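Enquirer: Here are the chains, one letter per residue:
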Amino acid sequence: MKQDKALQTFRTSFEEFEKGLNGEYSSPVHARRRDAMKRLSETGFPTLRDEEWRYTNLAALLETEYVRPTQKAAVDFSAVDTKRFLDIGQMLRLVFIDGVYAPELSDLSTASGKLRVQDLATVINEQPDEVLSLTGAVDEGARHPFTMLNDAFTEQGALIHVGQGAAELPPVHLLFLASGGAKPLLITPRILIRAEANSEIDVIEQYVALGDGAYFTNAVVESHVAENAHVHHYKIQEEGPAAYHVAASYARVARSGSYSNHYFGFGARLLRNNLHLVLDDEAAECTMNGLFMPMAKQHMDHHTVIDHAKPHCNSHELYKGLLFDEARGVFSGKIIVRQDAQKTDAKQSNNNLLLSENALVDTKPQLEIWADDVKCTHGATIGRLDDDAMFYLRSRGLPKEQAHSVLAYAFASELVSHVRLEPLRQHLDDAIHRRLERSGIE
Amino acid sequence: MLEIRNLHAEVEGKEILKGVNLKVEAGEIHAIMGPNGSGKSTLAGVLAGRELYEITEGEVIYKGRNLLDLSPEERACEGMFLAFQYPVEIPGVSNTYFLKAALNAIRKYHGLEELDAVDFLALVKEKMQLVEMKPELLNRPVNEGFSGGEKKRNEILQMAVLNPTLSVLDETDSGLDIDALRIVANGVNKLHSPENATIVVTHYQRLLNYIVPDRVHVLVDGRIVKSGDKDLAFHLEEQGYDWARDLHEPVENES
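Line order of the protein sequences matches chains V and W. Going by this note's numbering, the first residue of the first sequence is number 1, and it counts up by one from there. Going by this note's numbering, the first residue of the second sequence is number 443, and it counts up by one from there.
A couple of the hints might just be wrong.
[What the hints assert, rightly or not] Ranges of calculated distance between the beta carbons of each label pair, as one might list FRET restraints:
| # | chain 1 | residue 1 | chain 2 | residue 2 | range |
| --- | --- | --- | --- | --- | --- |
| 1 | V | His-378 | W | Ser-589 | 30 to 38 angstroms |
| 2 | W | Ile-497 | V | Gly-211 | 39 to 47 angstroms |
| 3 | V | Asp-212 | W | Gly-479 | 54 to 62 angstroms |
| 4 | V | Asp-362 | W | Asp-688 | 58 to 66 angstroms |
| 5 | W | Gly-479 | V | Arg-54 | 31 to 39 angstroms |
| 6 | V | Gln-339 | W | Ser-536 | 42 to 50 angstroms |
These are calculated hints, taken from the structure and not from any lab test. As the structure is a computational prediction, the values presented were derived from the model and not from experiment. C-beta atoms are modelled at their ideal positions from N, C-alpha and C, and glycine is treated no differently.
Sequences and hints are given; from them, build the entire structure.
Expert: So this is what it looks like as structure tokens:
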């Protein structure tokens, strides 16, 4: 079976990884890695028969043999202007090349006592206990196999620690550049975010491919949001046509805290993005917004879980898909309202525009409600561009193609409007327009 | 400017227009009146190029070209304008953006340079006075949340900015109170010139108190059964459309 063969390949990789560890072998972080590899070996990779994976065929992803990136990147990136990918003024930037931290391209000059940003390999080395305290807290017991894979290979990534009361901070930009060369690489970033009480931070996680080759990004982000802290997390995916990307973001939000996740997907041949958020105390709030615009034969799958554990919490979710050509999309949104979570207010919508006859989307809202005094709404739509609106625009002189893209942009732009960083909105607008120009609307 | 000859059109296999003849010259205002379901809106839609309708017979010559060969956007660029009975709401597209895109599409078609933001805004502000429109409506999404009157004023604003040669106003008076009606009609009158022409499609004579037509045509069951001067509208108002229904023989329109 492909699943078993893939597992064997990853195990071999893991053994090689261990050999190169030297002193770190006996660290508690590595004990965790070994445990994860063991659990993954027992669990195995999912197949289409698993309910949570029934719309996403992993065969091609698992058939590819990946190698772990070496410390020295195969491509010389020293001349790369990192501002080219996102230029939003003052910010802290950590750049990773093929998954490996590149200090020479990074800029941490605006870090302060209140905002600590470090590459994860260094933290694992110097403060392993801190790493352990921030990993696995959200979904222990329910980790999916690809998170276990990331657990097993946890080494590179970032730790963002926002001190108590720290606000008005520059955003943190995590830029993952993939060379997309001949050899498929396994890239396993782990990002740990800890926002202490009354703090606020923006984190931008961006994936860009420079080449068209295959590689596999397997990322995990874990956010710990303390009382009255606010984390705004943006994920921008601009990867190559042969890239695979399976990721999970976890967040636990304390009293009166908020976490917002804004996903913008343009790239990768196959994407699976899992979100798992727990509203862990009263008046906690979360937002999950997503825009995905697959074209050609791209496949983009979003699975979100919002767990209302305590009373008086709000969640808002809006996912929009614009699908071109033969692209496929999946949205599965689960809202769990625990027995204790009275006065929950949860809203979920998923709206999809099919811009070609051959595009396809599956949407699946799931509500699990155990409390009786709650407000939960959900809705899903799948449609095409509105004929009346098209005629209206054309009757005013706009050529058909322009009318198409004006309407498609209008549909997409709602998600951009929820981004609070103006220069980032500009970047996203441009990315949406580029996608609309590149893909034909039938 | 416009000549419609024996125009037949169907919607989903049902014939709506059954041989319409109409001739409109520059500088003229024509009114097309008729009861509900007589084909008034179909005629307006056919002229603007709505794909819903299938033309089975006849032709429409506009400025010497066969109008029916042109796409809706080509018609717009050639100076044709339809003021919609039900203007469409377009969430996410601001009114300003829409107007500017439309104006520049037409300018581009004529080989003119696109207007920049500053010049465009000056033009729109000037034209907005014509329809007494609130400036904040410019930044709102097209027609979204507009009142009935605001939507119709917005149509006339578009007409003012795009400066068409032939305007077709489809039931522009429907849903308007008397003040809004006066404002809209005033806008249309100010835009009228010896170089352009207007076709007013309406059920009621009321609008024609404000926009005085040169010719009035009565459309019944897909055909123009009677044409005359503005007095015909008054006659219709008094007699009702039953009187027109009795005019079995369609008349040739002599313009």
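Enquirer: Could you see if the CB distance from Ile-497/W to Gly-211/V stays within 39 to 47 angstroms?
Expert: Cβ of Ile-497/W to Cβ of Gly-211/V: about 53 angstroms, so the range 39 to 47 angstroms is violated.
Enquirer: Lying within 42 to 50 angstroms: is that true of the beta-carbon distance Gln-339/V to Ser-536/W?
Expert: holds (46 angstroms)
Enquirer: Indicate whether the distance between the beta carbons of Gly-479/W and Arg-54/V respects the range 31 to 39 angstroms.
Expert: violated (51 angstroms)
Enquirer: For the hint 58 to 66 angstroms, verify it against the beta carbon of Asp-362/V and that of Asp-688/W.
Expert: holds (59 angstroms)
Enquirer: Does the Cβ distance between Asp-212/V and Gly-479/W fall inside 54 to 62 angstroms?
Expert: holds (59 angstroms)
Enquirer: For the hint 30 to 38 angstroms, verify it against the beta carbon of His-378/V and that of Ser-589/W.
Expert: With a Cβ separation near 31 angstroms, His-378/V and Ser-589/W satisfy 30 to 38 angstroms, so the hint holds.
Comparing the model with each numbered hint stated earlier shows that hints 2, 5 do not hold.
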